[in-house]
Amino acid sequence: MDARELKAAESAQDAIVVTGARVHNLKGVSVTIPRNRLTVVTGVSGSGKSSLAFDTLFAEGQRRYLESLPSYARQFLDQMDKPDVDSVTGLSPAISIEQHSSTPGPRSILATAAELHDYLRLLFGTLGVPRCHRCGKIVQATSAESVVERLLDSPDGTKLTILAPLKRRASRVPVAACVDAAAKAGFVRLRVDGEILPIEDVPADAAAATLEAVVDRLVVKPEVRRRVTDSIELALAQGGGSAVVLRARPGEAEVAENYSERNECTDCGIAFDVLTSASFSFNSPRGACPVCEGLGREAYFDEALVVPDDSLSLAKGAIRPWRRGPKRLVGAFNMMLRSVAAWQGVDMDTPWRDLPETVRHVILHGSGDEELVITKKVRGNVRRGKQVYEGVLPNLRRRLRESESESMVAVLRSFMSRRRCSACGGLRLRPEVLACRVPHPAEPGVNLADLLALSIADLRGWVQTLPLSPAQRVVAGNVVNGLKDRLDFLVNVGLGYLTGERESATLSGGEMQRIRLASQIGAGLSGVMYVLDEPTIGLHPHDNAMLVAMLRRLQARGNTLVVVEHDEAMIREADHVIDIGPGAGRHGGAVTFEGSFADLLKSRNSLTARFLTGVEKPCIPVRREPDGRWLAVRGAAVHNLRKVDAKFPLGCLAVVTGVSGSGKSSLVDDVLRENLQAYLAKPRRERAGFAFQGCAGIDGVEAVDKLIVIDKTPIGRSSRSNPLTYTGAFDTIRNLYAATPAAKARGYTASRFSFNVKGGRCEVCKGDGQIHLAMSFLPDVYVTCEQCGGRRYNKETLEVHYGGRTIADVLALTVSEAVEAFANVPRLARKLQTLEDVGLGYLQLGQPASTLSGGEAQRLQLSAELQRPPEEHTVYILDEPTTGLHFADVRRLLQILARLRDAGHTVIVIEHNPDVMRAADWIVDMGPGGGDAGGAVVASGPPEQVAKSKASLTAAYL
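In my numbering, the protein residues as written are 86 to 1043.
I should point out that these hints are in silico values taken from the structure, not numbers from a laboratory.
Given the structure is predicted, the values throughout are model-derived calculations rather than measurements.
Each residue gets a CB set at the ideal place from its N, CA and C atoms; glycine is no exception.
Just to be clear, a hint being listed does not mean it is correct.
Said to hold, decoys possible - Quick list of the computed label-pair ranges, beta carbon to beta carbon:
#1 Thr-936 - Asp-790: 26 to 36 Å
#2 Pro-441 - His-958: 41 to 51 Å
#3 Glu-475 - Leu-765: 38 to 48 Å
#4 His-958 - Ser-499: 32 to 42 Å
#5 Ser-499 - Asp-265: 36 to 46 Å
#6 Pro-393 - Ser-492: 18 to 28 Å
#7 Ala-495 - Thr-361: 33 to 43 Å
#8 Asp-265 - Ala-341: 24 to 34 Å
#9 Pro-370 - Gln-225: 17 to 27 Å
#10 Ala-654 - Pro-393: 51 to 61 Å
#11 Arg-671 - Ala-766: 43 to 53 Å
#12 Pro-191 - Glu-475: 23 to 33 Å
Taking the hints into account, I'd like the entire structure generated from these sequences.
Next up, the structure:
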């Protein structure tokens, strides 16, 4: 919006006005954000974009909402900080959709995160047809009245034989007892395994599988209604709620029909609870598999952990769990093993791997019912006796069940791994729930697990072709329509390739953010301010148009969108642009431009404008031609990869591109990375004949000495990990403080200046600087420790200074400030400079690693690698390293990657950024689409060659 329109909006109270924001590095920032518009906040990393959007706008909106809650809910809020801002007017209720959030638990899958699971549970609760999980027969409760109506609906002349079940196939009740009971009830005929006999002709010792009493035999005609009703009621009463009717229509063969007043299988005799929507939740005891409790995985004692070194013998301690514990218990285990070895005729000194397979199986799993002579020591006396040998694994399972010692349980669990649940096959649900199916014309019916295994795009197709009768439309029409809408949203934000059963913890930050965005669109809210953090993360430029359309749809409902973004296409789409800068940290925090995109291009102060107009350029490094050495993957067939052949030049920068779900991560991560890691983990003498997994083979691996993977995996889960501790620079700083005269005079060592151990830290907050408040009705709150004021250390420790600063002052410095402060300490200055080189100069040295974004964590890992001397040929694999980077930061990143390449290393990058694509020595473009429509290499070669490809969607952006 231009200045005139913006002023008019402000005067009409159609804008959110921020005045004097000083959060973090903001320098009294004042901006006007038009309501019901799309505003993009951009700027270099660390300039203050998130400080304005999240820590000022969203935080103030959330604070005001919480203040509107009842006093019970506000009991802790007096300790919550108010953003340092003069005023914020026109503020709407705020919702943030960030890429950085807490790691989802194992119970969270895409379907639950996107709220698809709720709709699917309702769908099965209304349209699902329950079946017996043993025989597959439909389970349906019927009343006596409905049975009578169904039988009398037969044509006149139909013959009916009404039976009362006395014994089913699964029943162990003796036949003689059933015959005796039938005789006492007055029945004169029985049906024994399908044959009707007089009751006196049934042998007392008969071994019948089924036995029914003949209640009545009649022919359908108008006057038999009362008789049929009485007979059916008697059959149900005598059969325990079940009845069997043999019906023979005129001219047709006799058919047996089973009826029950209860939800039970009339063949197997299994009773079932009535299935409701709650029954289809693996997070509910009603639906969860009883073995894995809905997790889909179970813990088990892993033989590889029980016997970690197969070169050891039984005498040398091959069975590791039996080497740990009290001396008396270890001795008893050894005596038991000697007894088993003698029984099996093997030497205790034979290496485990040389023992016969049958012997190893007996040692691990036990002797079954067979007894052997076992030597024991009882009260100091050696005794021998015959007994069954329990086995190592059964012994461990029993001890785990019976142990009341937490330490012993922890030791035993160290020998356990997790695998797919043996009961539900990883499907998380009870067998009776999985047996329930929704009919569909394309197949005999699907269960809930079948639908969750489909991709979102395929699930949408299934729902769109689901036929509903008029009666079904009344009860399930809204559910089906809601499900269609949710699936449309997910496909439109580029997530159609993901499956509903995909665990949320395995999704990238960008994917999770788009799932939350789709959920918000589905919520149908209006009058809300949404604050989004780089929603284009993980999206190919080709997919951006879909995302913009979804944002416009959200805006059209009367919502205000504030988007922190660096993507050029998103900036061009904005109604209003705010550029924060000019630099990072203390060099930023000011508004360098505010207005429409058209006016942005005319700005002379905005660094963003200079890149968009071509005044500043990405500074693409000089390209290196492949020298004939390759890492060549042959026949990759993992996930959606279709026997892909792909090659990467050694000593070059290779970029793997493609739309979302095209197979980039499957090729690079699941095939190349996993095989290289396994190959390099083996000693060199054992690498010949290595068995590659997920592909036919990888050529050129012998030229690789080391593999380093730099991805978005969080590098710390607590406030105790920070950039200093991660890079090892904190050790140097603590040694500097310990060497000061004041520290020496007090006898302080380097450990005194650690906030992880007692002595120098504040004991109220245990060195965290914050106090954790658990709030059952709201997310947990962290408030500044009143004892140390957030400085982590006690008063005595903070009396020691180096260069005029306390250790807490150093932790509060940004990387850029620390580079200047420690310029006279070369070893420390080099480590800090590498952080500056990768664009992290704005980070505080003590910032908790758990608060870093995925892109920041990746660059922190990259800086740590740059500090190591380049001694071996290393393959670096990076996953979208431009996440969170401005055009200027991308230019700096390209220079870093070029340094690694020029040192002789191989750099393989998964990336969507056009500047990185153009800077590549080699491109491997995957596609052509996502999911089943991808999984192939559509183009490969230098950027100029790929740009000419007609099959590549990437070509248009090169």
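So, going through the hints one by one against the coordinates:
1. Thr-936 - Asp-790: 26 to 36 Å: holds, 35 Å
2. Pro-441 - His-958: 41 to 51 Å: holds, 44 Å
3. Glu-475 - Leu-765: 38 to 48 Å: holds, 40 Å
4. His-958 - Ser-499: 32 to 42 Å: holds, 36 Å
5. Ser-499 - Asp-265: 36 to 46 Å: violated, 59 Å
6. Pro-393 - Ser-492: 18 to 28 Å: holds, 21 Å
7. Ala-495 - Thr-361: 33 to 43 Å: holds, 39 Å
8. Asp-265 - Ala-341: 24 to 34 Å: holds, 25 Å
9. Pro-370 - Gln-225: 17 to 27 Å: holds, 24 Å
10. Ala-654 - Pro-393: 51 to 61 Å: Once the Cβ atoms are compared, 52 Å apart, the range 51 to 61 Å for Pro-393 and Ala-654 holds.
11. Arg-671 - Ala-766: 43 to 53 Å: This hint holds: roughly 45 Å between Cβ atoms.
12. Pro-191 - Glu-475: 23 to 33 Å: Since the Cβ atoms of Pro-191 and Glu-475 sit about 32 Å apart, the hinted range of 23 to 33 Å holds.
Of the numbered hints listed earlier, the single one contradicted by the structure is hint 5.
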